[in-house]
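Here is how the chains run, residue by residue.
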Amino acid sequence: MNTTVATPQSETGAFFAILRRDLYVTWSELPIFLAQVILQPLFVLFVFGKLLGSLGYTRSVYASLLFPGMLALTVIITSMQTLAFPLVVEFGWTKEIEDRLLAPLRLGLVAAEKIVFAALRGVIAAALMIPVGILVLGSIPWRWSALPLFLGVLILAALLGAGLGLVLGTLVPPNQINAVLSLVFTPLLFTGCSQYPWPSLARLHWFQIITAGNPITYASEGLRAALVPSVPHIRPWISLTILVAALALLIAIGIGGFYRRAVD
Amino acid sequence: MNRSVVEVRDLVKRYPRSPVNAVDAISFSVEHGEVFGLLGPNGAGKTTTVGVLTTRIRPTSGSAVVAGVDVLRQPTLACGRLGVVPQRSNLDRSLSIRNNLIFHAAYHGIPASERGARADVLLEQFGLRERAKTKPDFISGGQSQRIMIARALMHEPHVLFLDEPTTGLDPAARLFVWDRLRELRQRRVTIVLTTHDMHEAAQLADRAAIMDHGKLLAIDTPQALVRSLPGAATLELAAEILDGGSADEVFAALRGLPGVEAVERVQAQPQTNGRLSPVLADPEQAGSETTHALRVRLYVSGDAPMLVAPAASTFAEHRLAITDVKLGNPTLEDVFIHLTGRTLR
Ligand SMILES: Nc1ncnc2c1ncn2[C@@H]1O[C@H](COP(=O)(O)OP(=O)(O)OP(=O)(O)O)[C@@H](O)[C@H]1O
Ligand SMILES: [Mg+2]
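Chains as they are written, first to last, in my numbering: chain A, 1 to 264; chain B, 1 to 345.
Since the hints were made in silico from the structure, they are not lab data. Cβ atoms here follow ideal geometry from the backbone N, Cα and C, with glycine treated the same way. Where hints are given, some of them may not hold.
[As the list claims (entries may be wrong)] With a straight-line Cα cutoff of 30 Å, these simulated DSSO-like cross-link-like pairs (lysine-lysine) come out:
1) B/Lys326 to A/Lys95
2) A/Lys95 to B/Lys135
3) B/Lys133 to A/Lys50
[To be verified] Sample of chain A residues facing chain B (criterion: CB under 8 Å; computed from the structure):
4) Arg20
5) Arg21
6) Leu23
7) Val25
8) Lys95
9) Arg100
10) Pro104
11) Arg106
12) Asp264
Make the full structure from the sequences, and use the hints.
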C-alpha cells in the first residue's frame, strides 16, 4: 500500500486549531466585538446607575447593586450571543462549520470548543465592564477578599451563557431563530435579578418565583454576594450549586442537539 | 493483496419521515489510484452516498470502509484520511481564501512551518494566487469550487470525494477542473466523484456506477458500459431518390444487412423514440425534406463504420444517391437511457 499514514493527529491539536480560528476571527473583527459587548451595559449603567441617581429618583446604593447584576447579565448574554446565532447560520445556511466537523476530532469536542470560546468572550466582556463601570459610575464595588467567589461565579455564568447559546442554536429551527431569540431575550433580560436583588422581591411573591426559574438570577446574586455582601442576597453556596446544575443540564441538552444537527 | 480504498457493502440510508430509501442497498469498491464516477440524475442518492462515506450522514444499515477505516466506528480517524469537496460552497466566510487553506491544514495537524508553503503551491496550481487575500463572499462559483478542491488537498488525503465538482461552471472553468483532476489521477490519488454529466464521467472516470432511485444499475468502465449496449452505435444516411428509386425497398434491404438491429426514418421531431444522440438531424433540414429526399438511421451492434460500404451499395442498387453520412457512437447517456428509460435532464 502506498498509504504512508500521517502520524495520527492528536485531537487536542485540532481542538486548539479550531479555537485559534475563532480567536483570530474575533481579533480581526475587534471593533464590532467591543461595540457589541460594551454598548448595552454602558447605557444601562449610565441611565439607571448614574442619571436616575443624580436626578434623585434612586438612592446611591442602587448603582452598587446594579453593577454586579449588569456584570452577570453582560457575561451571560455575550456568551449566549457568541454561540447561538452564528451556530444557526453555520448549520442552516452557510454550512461553514462543515470544514471543522470534518476535522479529525470528535464532534463533542467541536461543540466543546464552541462553549470554551463563547465563555472566553463572556469573560472578556466582564473584564471590559470594570473600566466601563468606573468610567460611568465613578467607582465600583470591589472586594479583593471575595475574588475566588467572584471568579467562580463569573466563569460559571460565562459557561452557562454558552450552554444556553448551544441549546438555542441547535434546537431552534433556522427559520425561527430570529423570532425565538427575541422572544427569549427580553424575559431573560428582565427576570434575571440583574436590576434588583432577589430577596427584595418577597413582597411580590409570584414574580420572585418566576425569577427563581431564570439561571441568570443566581449569577447576579452570586456576584452581589461577592461584591456587595451588605445587600441581602441568596446564599452563595445555593447560587453556585444551582449554576452548576443548570450548566450541566444545558450542556447535556446542547451537545445532544449538536450531534443531531451535525450528523444526518 | 486488497487494494480497495473505498469499500461499500449493502449501504442503506432512509431519512427520517421518508417513505423510501435515499440509498438502497448499494455495494461497490474503489481501487487505489482509481477515479470512480457516481453518476445519476437529481435525487439519485449521490450526495447521500458521499455523505455517508465522509462521516456526515449516519446510514440506516450497511458498512463503509474508507482508506482502511470503518467510517461508522472510527469517524474521527477516517476524517483525517479523506478530503471532501461538497456540492455547495461551505468555505469559511470569515477567513480569506489563503487562510481557509491554512486553517484547514491546522485542523488536520499539518505543522505550522509547512502550511504557508503548501497553501501557496496549491493557490498557484489552481490559479488563485491573485485572490489569496479575498474573502469567499467576493468569489465566483467557479472560483469557490477551485478553492474547495485546493483546501481538500491541503492535508493530502488518501481519498478525495468530489460532489458534482463542475455543476454550474462555464466550459472553460470545467475544463480547468478536469485538468486538475487528471493531474491528481496521474499522481495516483484515489478519487470518487459524482456527476450527472455523462460526458464528464466518460472523460474522467476509470470506472463509473450508474445510480438511480438509490440503486446502482451498472458498474463498469465507461467503454464497457457503452459496449454492453445493444444497437447503440448509429449510422445515419441521407440520400436523394433518383428516378425509379424506392424508399421502401431500400428500407427492407437495409434491414437485411448484417449487424443492423433497426432502421428508422429520421423525422422532423427526431427524439420521439426517446433516444438522444449527437447525430440527430437538424430539424429544419428534416422539415424541408421533400419526397425526393430520405434520411435514415441504422442502429447497429458492433462496428458502425464497417457498414458504410454495404449501406452505400444498397442505396446505389435502389437508385438513391447518398448526400450525407454520419456515424454516431453511443454515449454513457445512451446507457443511462437504456437502463432507466429516461433522459438525464
Ligand atoms: N436531509 C434530508 N432529509 C430528507 N430527505 C433527504 C435529505 N437529503 C436528501 N434527501 C432525499 O434523498 C434523496 C437523495 O438525495 P441526494 O441529495 O442524495 O441526491 P443527489 O443524487 O445528490 O441529487 P442531486 O443531483 O440533486 O444533488 C432525494 O430524494 C432527496 O429528496
Ligand atoms: Mg447531490
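Going down the list of hints, with the structure as the test:
no.	hint	result
1	B/Lys326 to A/Lys95	violated (49 Å)
2	A/Lys95 to B/Lys135	holds (16 Å)
3	B/Lys133 to A/Lys50	violated (46 Å)
4	Arg20	holds (7 Å)
5	Arg21	holds (5 Å)
6	Leu23	violated (12 Å)
7	Val25	holds (4 Å)
8	Lys95	holds (4 Å)
9	Arg100	holds (6 Å)
10	Pro104	holds (4 Å)
11	Arg106	holds (6 Å)
12	Asp264	holds (4 Å)
Checked against the numbered hints listed earlier, the structure breaks hints 1, 3 and 6; every other hint is satisfied.
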